[in-house]
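My request is simple: use the sequences and hints to build the entire structure.
Heads up: the sequence shown runs through residues 1 to 390, numbered per full-length UniProt numbering.
FYI, nobody ran anything at the bench for these hints, they're computed from the structure. A portion of the hints provided could be inaccurate.
The calculated lysine to aspartate or glutamate pairs, modelled on EDC-like cross-linking and capped at a C-alpha distance of 16 Å, are [to be verified]:
1) 384 with 345
2) 384 with 346
3) 316 with 116
4) 90 with 105
5) 24 with 311
6) 218 with 256
7) 301 with 43
8) 24 with 341
9) 342 with 36
10) 218 with 185
11) 90 with 256
12) 198 with 227
13) 321 with 185
14) 321 with 300
15) 169 with 116
16) 301 with 187
17) 23 with 345
18) 151 with 185
19) 29 with 345
20) 166 with 116
21) 151 with 116
22) 104 with 256
23) 23 with 341
24) 23 with 11
25) 301 with 374
26) 85 with 224
27) 151 with 119
28) 384 with 311
29) 23 with 43
30) 53 with 74
31) 218 with 300
32) 197 with 227
33) 90 with 227
Just so we're clear, the structure is a prediction, and the values are computed from it rather than from any experiment.
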Amino acid sequence: MKAVPSQIVKELPPYLFSGLNRKKAALRKSGIDLIDLGIGDPDLPTPAFIVDKLIKELKHPQNMRYSTFNGCPEYREAVADFYLKQYNTKLNPEQEVMTLIGSKEGIANLVQAMIDPGDIVLIPDPSYPVYRMAVHLAGGVAHPMPLLPEKGFVPDFTAIPTNVLKRAKLSFLNYPGNPTGACVDLDFFEEAVHFFKKHGIYLAHDSAYNLVTYGNYKAPSILEVPDANSIAVEFGSLSKAFNMTGFRIGYVVGNEEIVQTLHTVKSNLDSCQFLPIQKAAAAALTSDLSLLNDRNSIYEKRGRVMTNALEALGIKAQVPKGSIFLWAPVPDGLTSAAFCEKVMDETGVVVTPGTAFGEHGEGYFRISLSVPDDRLIEAAERMKNVSFKV
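As structure tokens, then:
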């Protein structure tokens, strides 16, 4: 008997990187040497002390058992300790902190936990595709908040129609931003908290790139804003911060009622993350974070390599203050998809069209800096030979 998906799944567009992976596999099979600057998956190793902690915890039989649904105390306390030291923000590790199996599942489950069919969720555009997909699966309506270059890729809250604000239940924000690399200061979060509290809309801030920053820039937490805890939660991930994408470990912190509502959903769907992974992550969060400076300098240097290569094509891009991406305009006369296909066909370099992140990503493409230096330099040299100039 043929499996028939539900209507809501039929209407779900395929996840961008799944399709890209199939195309890349076909090209590699044909003998093309691809350099993949598409997905953001750090190539640099997980710090050795984290791996050592994981190995140590794997040797204890008690760690082979289930975790508590909200995560082991050691990890939740480490998250609370991290927020106190990094942001001078106090959290109750019992009620305001919960372990996630990576922030991606937490984001998707939050939407399921918070909205009813027909509710509006405000989504930055362009942004991480999971926000929109989660809203679709929950039967909600995603309303885009355009991120425009002239506004510094931050949303204009005053441009949201009144009728939309009346129906909106939840809003997402993400800084340092994916895909734009845009960064904000605490004043922006203060404005956001004031605006959404006034309109009775909950806030979810995705802080996946909070520890990947350059120069003197330090990414703030939305929970540093006084009374943000009354409407906001923040998602964190160790994937990019500590080169731990495969570990699948993150957290959600903030408003107790929202965290506990999410806990209700997750305790019925999963059994939390493997204990040795949680304990290795606790070691990461309580470590000396200055060890990340050298790693961040590598990304910043890679960003300069790529911006120089793009300049040879007449494409002006800047290294952002944070994230592991460059966001660059496509040459005049080409769509985002056509440009990225041309680059792949002519050079074997994979970059991501801006439209993968929303309609307001048209006219841009994203470059990931998470490949070894020698391959990135080779990609830069190849891209200089694309058969057009602006």
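Evaluation of the provided hints:
{"no.": "1", "hint": "384 with 345", "verdict": "holds, 14 Å"}
{"no.": "2", "hint": "384 with 346", "verdict": "holds, 11 Å"}
{"no.": "3", "hint": "316 with 116", "verdict": "violated, 43 Å"}
{"no.": "4", "hint": "90 with 105", "verdict": "violated, 25 Å"}
{"no.": "5", "hint": "24 with 311", "verdict": "violated, 26 Å"}
{"no.": "6", "hint": "218 with 256", "verdict": "violated, 26 Å"}
{"no.": "7", "hint": "301 with 43", "verdict": "holds, 15 Å"}
{"no.": "8", "hint": "24 with 341", "verdict": "holds, 12 Å"}
{"no.": "9", "hint": "342 with 36", "verdict": "holds, 14 Å"}
{"no.": "10", "hint": "218 with 185", "verdict": "holds, 9 Å"}
{"no.": "11", "hint": "90 with 256", "verdict": "holds, 13 Å"}
{"no.": "12", "hint": "198 with 227", "verdict": "holds, 12 Å"}
{"no.": "13", "hint": "321 with 185", "verdict": "holds, 11 Å"}
{"no.": "14", "hint": "321 with 300", "verdict": "holds, 9 Å"}
{"no.": "15", "hint": "169 with 116", "verdict": "holds, 9 Å"}
{"no.": "16", "hint": "301 with 187", "verdict": "violated, 29 Å"}
{"no.": "17", "hint": "23 with 345", "verdict": "holds, 11 Å"}
{"no.": "18", "hint": "151 with 185", "verdict": "holds, 14 Å"}
{"no.": "19", "hint": "29 with 345", "verdict": "holds, 14 Å"}
{"no.": "20", "hint": "166 with 116", "verdict": "holds, 14 Å"}
{"no.": "21", "hint": "151 with 116", "verdict": "violated, 32 Å"}
{"no.": "22", "hint": "104 with 256", "verdict": "violated, 20 Å"}
{"no.": "23", "hint": "23 with 341", "verdict": "holds, 11 Å"}
{"no.": "24", "hint": "23 with 11", "verdict": "violated, 22 Å"}
{"no.": "25", "hint": "301 with 374", "verdict": "holds, 12 Å"}
{"no.": "26", "hint": "85 with 224", "verdict": "holds, 12 Å"}
{"no.": "27", "hint": "151 with 119", "verdict": "violated, 27 Å"}
{"no.": "28", "hint": "384 with 311", "verdict": "holds, 9 Å"}
{"no.": "29", "hint": "23 with 43", "verdict": "violated, 21 Å"}
{"no.": "30", "hint": "53 with 74", "verdict": "holds, 13 Å"}
{"no.": "31", "hint": "218 with 300", "verdict": "holds, 14 Å"}
{"no.": "32", "hint": "197 with 227", "verdict": "holds, 10 Å"}
{"no.": "33", "hint": "90 with 227", "verdict": "holds, 12 Å"}
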